[in-house]
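S.K.: The chain contents come next:
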Amino acid sequence: MAKLAASGLLSVVVLTSRDPLVLGTVLAACLAAAPFFGVGPKAFMQRIWPVLVACAGIVITLALFSADRGGTTLLHFGPFLVTTSVLWASLSLALRLLSLAVPAILVFASTDPTDLADSLIQHAKAPARFAIGALAAFRLLELFREEWGMISMARRARGVQRGFARTAFVLFVGAIRRGVRLSVAMDARGFDSGLPRTVARPQRFGAADAGLILGAAVLAVFAFSLGTR
Amino acid sequence: MSNLRWRTVDIVVASIIAVAFGVVFWAWTLLWTGPFAVAFNFFPPAAGIINGVWFMPAVLAPLILRKPGAALFTETVASVISAILGSVWGWLVLGYGLLQGLGGELAFGAFGFRRFGVPQAMLAGALAGTAATVLDIVANPYGVGDWRASWQIAYGACQIASGAVIAGLGAFLLTNGLAGTGVLDRFPAGRARQAV
Amino acid sequence: MIQLNGYGWRHAGRRAWAVRGVDLHIDAGERVLLLGPSGAGKSTLLAAVAGLLPSDSGESEGELDVDGRAGVVFQDPQSQLVMSRAGDEVAFGLENLAWPRERIWPRVEEALARVGFGYPLDRRTSELSGGEQQRLVLAGALAPRPDLLLLDEPTANLDPAGGELVRRALSSVPTMVLVEHRIERFLDLITRVVVLSPGGGVRFDGQPSVLTGRLGAQLAAEGVWVPGHPMPHRPAAGEPGETLAAYKDVAVRRGEALVVTGPNGSGKTSLALTLGGLRAPLQAGVVVTAWGDRPHRWRPKVLARRIGSVFQNPEHQFVTSSVRSELELGGTPVARVTELLVRLRLEHLAAANPFTLSGGEARRLSVATALASRPALLILDEPTFGQDRRTWVELVDLLASLRDEGHGILAMTHDPEVVHALADRTVAL
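Chains as they are written, first to last, in the numbering used here: chain A, 1054 to 1282; chain B, 16 to 211; chain C, 21 to 449.
None of these hints come from the bench; they were simulated from the model.
Hints are supplied without guarantee of correctness; some may be wrong.
Claimed, not checked - Which residues of chain C face chain A? A few of them, derived with a C-beta cut under 8 Å, are:
1. Met-103
2. Phe-112
3. Gly-113
4. Trp-119
5. Lys-321
6. Ser-329
7. Phe-338
8. Ser-341
9. Leu-449
Being a predicted model, the structure only gives us computed values, none of them experimental.
C-beta atoms are modelled at their ideal positions from N, C-alpha and C, and glycine is treated no differently.
Just chain A, with the same shape it has in the complex (with noise of 0.2 Å):
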């Protein structure tokens, strides 16, 4: 839960500065403080990877593609004229998308999607029922895969070229019937009762949370004062 309060401390830092001191601040110390939260390296590329093709999409096509002529000339071939401030404009919006995205991505990647809607529940007191049936949702997901690829090749069989919106189509019946059942299993199981819930699974807000929400707080405003200057 500190997790989740210190990363949207930092992100409403990014959103409001467009200085990239700030913004590389801000990202340097994420990445730094990775592997304390238990994200390895290799981790973080799995879930970073995306995000990297994306920023690097960017800086290509308005690199290229833009209509700013200012600055030195670094690149000129054919249609495409590439300048230094045209490189500086495209380089600082993917930083700035790339330091928006990393605080999320560096909760998400630490956390146990359980032990995230417990602490939702617990301490943003969320209702209980709504959390636990999204993350139940969630799990499914992962059979989501899987599934794709099995739809993919059962319309290959049948010789048809495989469509996207229709193995979606496919995948999202078998979803919403696959959740209706659980949810009848949910219900058999009393989740429906009205009783209040307890808690197996007790998270603690302790010293070291509170430590993290402050820090970041203090990162924020450092960072924004760099900017500022």
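Let chain A serve as the given structure and place chains B and C on it in line with the hints.
M.R.: Same frame as chain A, now just chains B and C:
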């Protein structure tokens, strides 16, 4: 008029819609920043025209569940899921989710949560699109706020239209398709099926 | 404990009553087997006793009185597991019933030990086998100390080893009502048998030993897997012809039924996909067929004309919104469509949406669509999964006659009856 309380099956199915679209959102942001950006470079504001998918949960959930809160819950959870998977926007998507969901709620709420037809669906999509446009300009993750006013208006118009058609009409058709398969039998949307 | 007087239920939107006029009385300590052909309303009755039929989903008549709390186990573990860790899963039910925390975890350990679950509490549920998952579900159902246990085909999705795990876990349950198709392994746990008739009430209520007599024969004809009624044996009528497809040491020939066996997880599905040209081989090796090599490179239309694949989950293969158009897909001539509809008893469902079909009907449609383009080779992954006896016999008969007409049949299954009834050759993985 259905009971206002959410049953377990309402919560779980809304969550499933949210999770499914969370994945779509996550994948969409990747495409958006790469191929799409190139494709729309001739006139960037036109990019708004494909964004309707982002508002679908806010329309689909109320159409299926027919309960207040469906749009808000589902759209918000979907955006959270996309953040969990590694969205480029980080925490910002949560803001989008909340406001887009709110747009959906307003649309159906304006009819007292009693009517769930095409006009309501399209209005919900349009309102969600409006919310997104406002956020695009104000919070400015992609530089939309830097554009000149005429571009911003064009963008907004495209996005709102996309919301009405793709999200609104699309969600309506999707609901009908799902109802035909029988999976919605526990919901009002599916009960209109013929007696077998 | 359970008392039903003239109880009936009709699902919303249906014209026929699922159950009607049921009179039943079950006491503590009884272990009841609920039997009846498909469509007799067994699942509905179980759901009613469990209190899982919401009043807005249908109408009821008569009286239903259940004294005590019931735990329920359904057939698909993936649709019952809520949490991603095993211990949390069992604790879920206890949390719902407001058990104080200090009593939850000891009870979780107790329940897991009782069903013989051998893994630690933080074991990922997605990493368990089907049988282990069902055991976990059972532990979750038993943890809050219910007064009785209701089970709706708990072993239908499991291979024999998994089914055995569940059976052993059930041996210590004092009061239960069990619905199952494959009843043989449960017979020594049962104290009483109740037979339902479709849309009606209780047809028979008494000792398990009656199943060996005339009633048993009747039930077997209607689709119940009564032990002591052997399955038909359908050996090949002629000699096998050319090899249709081969990969490594598995080869299927024309006019032959090859059955590949092995427990879940041994790679049967993977082999089916590889030989079916749906996936490139995972290991080194090339798939050789009568029409050329590397079927995974062929275009889908070409593939469908040569090799037909029937998947474990029929719904994965449905493409259109009506049974008829499913068969017409790919330009099947009208005469052929009609022929298939008749042969697989689907005519009355021609206009129905494929997703609304029951398990047996969906399976038949799946086979029909695979046959539409007249492929020489037919590959089936677990074709008899969860089928009642009648559909099972039909399917085996159909496969046998296809084989005798000159098709090649490849079936992956963990069902030993299929091996016995159909196989000309077997390969064990």
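S.K.: Each of the hints needs a verdict: does it hold here or not?
M.R.: Verification of the supplied hints:
no., hint, verdict
1, Met-103, "holds, 6 Å"
2, Phe-112, "holds, 6 Å"
3, Gly-113, "holds, 4 Å"
4, Trp-119, "holds, 6 Å"
5, Lys-321, "holds, 5 Å"
6, Ser-329, "holds, 4 Å"
7, Phe-338, "holds, 7 Å"
8, Ser-341, "violated, 10 Å"
9, Leu-449, "violated, 19 Å"
Hints 8 and 9 from the earlier list are contradicted by this structure; the remaining hints agree with it.
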